[in-house]
Amino acid sequence: MFGDYSLGDLGSIFVMQGFAGLILFSVYVLMALGLAIIFGQMGVINMAHGEFMILGAYVTWMTSNLFQTYMPSLFGGYFFLAMILAFLASGALGMLVEWVLIRHLYKRPLDTLLATWGLSLMLQQAYRSVFGAREVGVELPQWMLGSLHVTDSIEVPINGVFVMCLTVLITVGVAYVMYKSRWGRQVRAVVQNRIMAGAVGINTEKVDRYTYGLGCGIAGIAGSAFTMIGSTGPTSGQLYIVDTFLVVVFGGAASLLGTIASAFSISQTQSTLEFFMSGSMAKVLTLLAVVGILMLRPQGLFALKVRK
Amino acid sequence: MSDEANKGLLSPLRRKLLMGMAAVPAITMLPRASFAQAPATSAVNTTGLAVTDTEVTVGILHSATGTMAISETGSIEAEKLAIEQINAMGGVLGRKIKFIQEDGASDWPTFAEKAKKLLVNDKVAAIMGCWTSASRKAVLPVMEQYNGMLYYPTFYEGLEQSKNVIYTGQEATQQILAGLNWIAKEKGAKTFFFIGSDYIWPRTSNKIARKHVENVLKGKVVGEEYYALGSTQFNSVINKIKLTKPDVIFTDVVGGSNVAFYKQLKAAGIDLAKQPLLTISVTEDEIDGIGGENIAGAYACMKYFQSLDNPNNKAFVPAFKKAWGEKTVIGDVTQAAYLGPWLWKLTVEKAGSFDVDKIAAASPGVEFKGAPEGYVRIHENHHLWSKTRVGRAKLDGQFELIYETADLVEPDPFPKGYQ
Numbered sequence: 294m295f296g297d298y299s300l301g302d303l304g305s306i307f308v309m310q311g312f313a314g315l316i317l318f319s320v321y322v323l324m325a326l327g328l329a330i331i332f333g334q335m336g337v338i339n340m341a342h343g344e345f346m347i348l349g350a351y352v353t354w355m356t357s358n359l360f361q362t363y364m365p366s367l368f369g370g371y372f373f374l375a376m377i378l379a380f381l382a383s384g385a386l387g388m389l390v391e392w393v394l395i396r397h398l399y400k401r402p403l404d405t406l407l408a409t410w411g412l413s414l415m416l417q418q419a420y421r422s423v424f425g426a427r428e429v430g431v432e433l434p435q436w437m438l439g440s441l442h443v444t445d446s447i448e449v450p451i452n453g454v455f456v457m458c459l460t461v462l463i464t465v466g467v468a469y470v471m472y473k474s475r476w477g478r479q480v481r482a483v484v485q486n487r488i489m490a491g492a493v494g495i496n497t498e499k500v501d502r503y504t505y506g507l508g509c510g511i512a513g514i515a516g517s518a519f520t521m522i523g524s525t526g527p528t529s530g531q532l533y534i535v536d537t538f539l540v541v542v543f544g545g546a547a548s549l550l551g552t553i554a555s556a557f558s559i560s561q562t563q564s565t566l567e568f569f570m571s572g573s574m575a576k577v578l579t580l581l582a583v584v585g586i587l588m589l590r591p592q593g594l595f596a597l598k599v600r601k
Numbered sequence: 321m322s323d324e325a326n327k328g329l330l331s332p333l334r335r336k337l338l339m340g341m342a343a344v345p346a347i348t349m350l351p352r353a354s355f356a357q358a359p360a361t362s363a364v365n366t367t368g369l370a371v372t373d374t375e376v377t378v379g380i381l382h383s384a385t386g387t388m389a390i391s392e393t394g395s396i397e398a399e400k401l402a403i404e405q406i407n408a409m410g411g412v413l414g415r416k417i418k419f420i421q422e423d424g425a426s427d428w429p430t431f432a433e434k435a436k437k438l439l440v441n442d443k444v445a446a447i448m449g450c451w452t453s454a455s456r457k458a459v460l461p462v463m464e465q466y467n468g469m470l471y472y473p474t475f476y477e478g479l480e481q482s483k484n485v486i487y488t489g490q491e492a493t494q495q496i497l498a499g500l501n502w503i504a505k506e507k508g509a510k511t512f513f514f515i516g517s518d519y520i521w522p523r524t525s526n527k528i529a530r531k532h533v534e535n536v537l538k539g540k541v542v543g544e545e546y547y548a549l550g551s552t553q554f555n556s557v558i559n560k561i562k563l564t565k566p567d568v569i570f571t572d573v574v575g576g577s578n579v580a581f582y583k584q585l586k587a588a589g590i591d592l593a594k595q596p597l598l599t600i601s602v603t604e605d606e607i608d609g610i611g612g613e614n615i616a617g618a619y620a621c622m623k624y625f626q627s628l629d630n631p632n633n634k635a636f637v638p639a640f641k642k643a644w645g646e647k648t649v650i651g652d653v654t655q656a657a658y659l660g661p662w663l664w665k666l667t668v669e670k671a672g673s674f675d676v677d678k679i680a681a682a683s684p685g686v687e688f689k690g691a692p693e694g695y696v697r698i699h700e701n702h703h704l705w706s707k708t709r710v711g712r713a714k715l716d717g718q719f720e721l722i723y724e725t726a727d728l729v730e731p732d733p734f735p736k737g738y739q
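These protein sequence lines map, in sequence, to chains S and G.
294 is the number of the first residue of the first sequence in our numbering; add one for each residue after it.
321 is the number of the first residue of the second sequence in our numbering; add one for each residue after it.
So that you can see chain S by itself, here it is in the shape it has in the complex:
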């Protein structure tokens, strides 16, 4: 298939294809991080993850409207405020949900699947009632549109670069919180042994609530960032949920490094295959490979070594 093209053409396509893979990688990491905390650390199967993302997207949409109406001169910078608001909104909703619903189910992890799935349906209908059934278009500031011209034939999408930077920032932040901070240690203690953690004086209920809130808040940021590359509608969250679980489960549920490694391998496989065959065929092959590897390594790519 390459016979007809010049070497220069091919070179730049490979560079851009490399970027396409990296962007997909960042997108996967960003959407999986929140779930890696909630599912990976807390063991809650959060089927409403996509809906928490879309809440972030709607917050971004509202912020953009607000800026357009009242502060058009500051429109260029609204996105940063929108991401913070998205984090707060999704995080707050997450903490509320944890208090009302999830905390009663820690001993029955499989039931969280049904409960959060029901929650996702309720949230979808709520978005539909509040924001309307049609999709909304989030307008971006001018500087975030278009692409960087590296050379004449190599162009890198600006929003892709933005997502990449954001992903690095948030990943580092989460890694620090989970593995270096005192609070992260408490989270891990509660996950490993709830009763013992309580006995040594950790307020387990509070830790649970904040952990769940953090996971949902990061989902909100992801949703906010994805308004640049995807759609915002009541059911848009469903577009992400399968890929998100795929990344987290394949990586090994309790490992942040695993999530990153799995996002990397899935995104690179997918984007390379997509270049050589049709998109849906590439997806089939990627999923087959994941299923095959999970049959050999049911615990995922990386797993915590624990005595059982």
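Quick caveat, the hints were computed from the structure, so don't treat them as lab data.
Positions of the beta carbon are idealized from the N, C-alpha and C atoms, including for glycine.
Take these hints with a grain of salt, some might be off.
As the list claims (entries may be wrong) - Once the Cα atoms are required to be at most 16 Å apart in a straight line, the calculated EDC-like pairs of lysine to aspartate or glutamate come out as: (1) LYS565(G) - ASP445(S); (2) LYS565(G) - ASP302(S); (3) LYS562(G) - ASP302(S); (4) LYS707(G) - GLU687(G).
As the list claims (entries may be wrong) - Here are some, though not all, of the chain G residues that point toward chain S, as calculated from beta-carbon distances under 7 Å: (5) ASN559; (6) LYS583; (7) GLY685.
With chain S held as given, fit chain G onto it using these hints.
Leaving out everything else, chain G in the frame of chain S:
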């Protein structure tokens, strides 16, 4: 949801709709039947439909919830508006139209079940409904078994014809061929890159488009790609488009994927002002989500645009906005859904009966001069004769009409040489 609850909810809405009645001057162009003496119910209803001396009941069957609600909301709105307008003019054979709305909930078995309920329990005289081909295929056997009448609004892949269905949208050849001819002539296009969502409509449409490009236009298809429904990542295929440098990108991507595709196309530096792109899946409704700035310059090929400049449309658009809000946009399918109740009314009046068999037989040749898209006529094969138009997307999310066929295009659901 029970019908009673529905009616309760709708009463304020009906008031709103009636307020919108002020703007129906185009309707006055229609032949106004005089209903001094409405024909006896026993004469116009011999099969036990829900027809009384003063009322006739029809069904509206769309997804008001679930993933398809995005698309089907406009159709529901259009059908309700048409029914209210018909009632304001005196109804059908002297009878007011009452509707029962059922929710297909984006689930195909639910569509079939609700269709059966409407036909068997409610005995509705006709159903305005369905949107996706999957829902229509689920409902079709029910319509045929219980002898109902369905008015189906969406442009679709063709390869179907039923006594019990009137297809008010375009079938694939009607929609696609004129658009391809135009872009080949206008842009001198020889090479085409196809990209679509992976299900029956894009695949069938692209098959027809490929045959036309290769056999009639003597051009070349340099790529044909399908992405699963709901895909949000198109960077790889965009790179392929950059590599193959097609004269035209031809797309039938649908749903949320659409938004992702155009945003990423723009971000990758493909300028639609310079790279011709012809889509058959983006209406004004979709642009709401995509954002005008991401798709400005693209060409769409269908039969209706909100910006059409004719007297019917100039009355229709304000009436629709008055009923459903100033910001509402009207896409191709919404307009086609609006035709359903009108065509049914005209057919009933032509047949002088509500009986489904008589309506099916009377349908061919029924003309609707008040259609927002302009004149339409029902063909022998129960599809519509209609014009095909090419519009260019503008920043504000509207289309600018660039080209329309001189004559009505004949519907051809089983095209020879394209299968």
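Between the alpha carbons of LYS562(G) and ASP302(S), is the straight-line distance 16 Å or under? Judged against 16 Å, a Cα distance of about 9 Å means the pair holds.
Below or equal to 16 Å on CA atoms is what counts here, so check LYS707(G) against GLU687(G). Holds: LYS707(G) and GLU687(G) sit about 14 Å apart, inside 16 Å.
Sort out whether ASP302(S) lies within 16 Å of LYS565(G), counting only the CA atoms. Cα-Cα ~11 Å, so holds.
Hinted contact GLY685(G) with chain S - closest CB pair below 7 Å: violated, 36 Å
Please check whether ASN559(G) passes as an interface residue: C-beta within 7 Å of a C-beta belonging to chain S. Hint holds; ASN559(G) Cβ to chain S Cβ min 5 Å, cut 7 Å.
Between LYS565(G) and ASP445(S), does the CA-CA distance stay at or below 16 Å? holds, 15 Å
Let's test the interface hint: is any C-beta of chain S closer than 7 Å to that of LYS583(G)? Result: holds, 6 Å to nearest chain S Cβ.
Hint compliance for this structure: hint 7 is the single one not met.
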